[in-house]
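S.K.: This is what each chain is made of:
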Amino acid sequence: MTRFAIFAATASLCATSAAAEIVKPTDVTFVDGVIEASLTGTPGDPAAGAEIMDKGAGNCIACHAVTELDHLGFHGEIGPPLDGAADRWSEAELRGIVADAKQMFDGTMMPSFYRVDGFIRLGDAYTGDAHQGEVEPLLTAQQIEDVVAYLMTLKDE
Amino acid sequence: MTRQTRVRAGAAIGVVAGVLAVAAHAGPDDDDLVINGEIEIVTETAAPEHIEHVGTIYSGWRFRSDETQAFQVDDFDNPSMIWVEQAEEVWNTAEGAAGKSCASCHDGSDSMAGVRAVYPKWNEDAGEVRTLEMQINDCRENRMQAETWKYTGGEMVNMVALLSAVSRGIPVNVAIDGPAQSTWEMGKDIYYTRYGQLELSCANCHEDNYGNMIRADHLSQGQINGFPTYRLKNTKLNAVHARFKGCVRDTRAETFAPGSPEFVALELYVASRGNGLSVEGPSVRN
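Residue numbers (full-length UniProt numbering), protein chains in the order written: chain R, 1 to 157; chain F, 1 to 286.
Hints listed in this document are in silico derivations from the structure and should not be mistaken for laboratory results. Errors might be hidden in some of the hints.
With a straight-line Cα cutoff of 16 Å, these simulated EDC-like cross-link-like pairs (lysine to aspartate or glutamate) come out [stated by the list, open to error]:
{"id": "1", "chain 1": "R", "residue 1": "Lys155", "chain 2": "R", "residue 2": "Asp106"}
{"id": "2", "chain 1": "R", "residue 1": "Lys55", "chain 2": "F", "residue 2": "Asp250"}
{"id": "3", "chain 1": "F", "residue 1": "Lys245", "chain 2": "R", "residue 2": "Asp124"}
{"id": "4", "chain 1": "F", "residue 1": "Lys245", "chain 2": "R", "residue 2": "Asp129"}
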């Protein structure tokens, strides 16, 4: 009991100190479009990742079809279907693609989900007004890890 | 695997799977549009020479469902026509200190047949490219001494709808050379600029991906021969610049203002991508 309580306390301590060690968008190292290490140190949650595929700032299925998410309806045809993504790519490659696909695919239409600079006429979300203040990436570091964890479940083989 | 082969493998998988998935939507359909049994609308033709990456141009009508398309076949079914009739009344009504109506200078509204097709257009006296809206406001201000209309406001969009209606069937033919050229170039730059946090250009969606679905939307070429458009989504007439604004906003960008030099230039450029399609507005879209 006591041991467990101590463990929990240490874990939450770790979580806070890990939060401080989150790799910032401007500090990410890409090697050939790949990000080797986790952006947070906390494993991604595939269920949370599946939600990001559907909604909000992720909305991956606006452009990609995923058979497993068929119940959500209306998948896009802009990018390749993501079925079997984990057979084609490693976790580190997927992390790179989701964080900033332009590093891997030159000039791709896919948005950069973990980048905060280099935009032209950056707006304040979908208001059409100019952006003020500090720029948030489209997805947080943990959301990137969650999406990558979800993609890692997409195996055909 | 090298980076190059990885990219190609991914793309090839996309193509194969894509063929299966998209069969239901891919590309424009094969329907013909004849309005009121008499006005034949060119909804497909060879792209004008100044357009680089597209061989054939299509009206947005060809990307809409049969149900949406049907609204345009007969004016009795086209919800826009209520506002066209209102504009017809305004056309004939004197307003402003000069005591004139549009008709005082121009006769019937049908005397405007063909005008929509060549706008935006260089105006020599003003030394600028003018949209139809700018010209209408110039007439109101200087010939009628009446209040100008808001650029995308109701009166304006109604009047543009009337002027489009009387030009239906006439091919779009905006001039892009001579003094209009620098404006056209500016519009082209805007068309290919990837704005906003999503870094998307008009070309990303409407040149590279027309015919594809983006979530629930079937992407067209983003042609403007059908403007103003009545949209089932907001049940009103929508001006060209309002549509531009919506599309730029959706890239998470700071938009340009309706009537701004940027949108005037973009309108000239986008109109020129449709040279050869019939004027079709006021059209119906979803």
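S.K.: All hints are to be evaluated individually against the structure, with a verdict given for each.
M.R.: Hints versus structure:
1. Taken as a hint, the lysine 155/R and aspartate 106/R pair is broken in the structure, with Cα atoms around 26 Å apart against an allowance of 16 Å.
2. Between lysine 55/R and aspartate 250/F the CA atoms are separated by roughly 15 Å; this keeps the pair inside 16 Å, and the hint holds.
3. Proximity of lysine 245/F to aspartate 124/R is assessed by CA-CA distance (about 14 Å); at most 16 Å being required, the pair is judged to hold.
4. Straight-line distance between C-alpha atoms of lysine 245/F and aspartate 129/R comes to about 11 Å, which keeps the hinted pair within the 16 Å bound.
Hint 1 from the list above is the single one not met by this structure.
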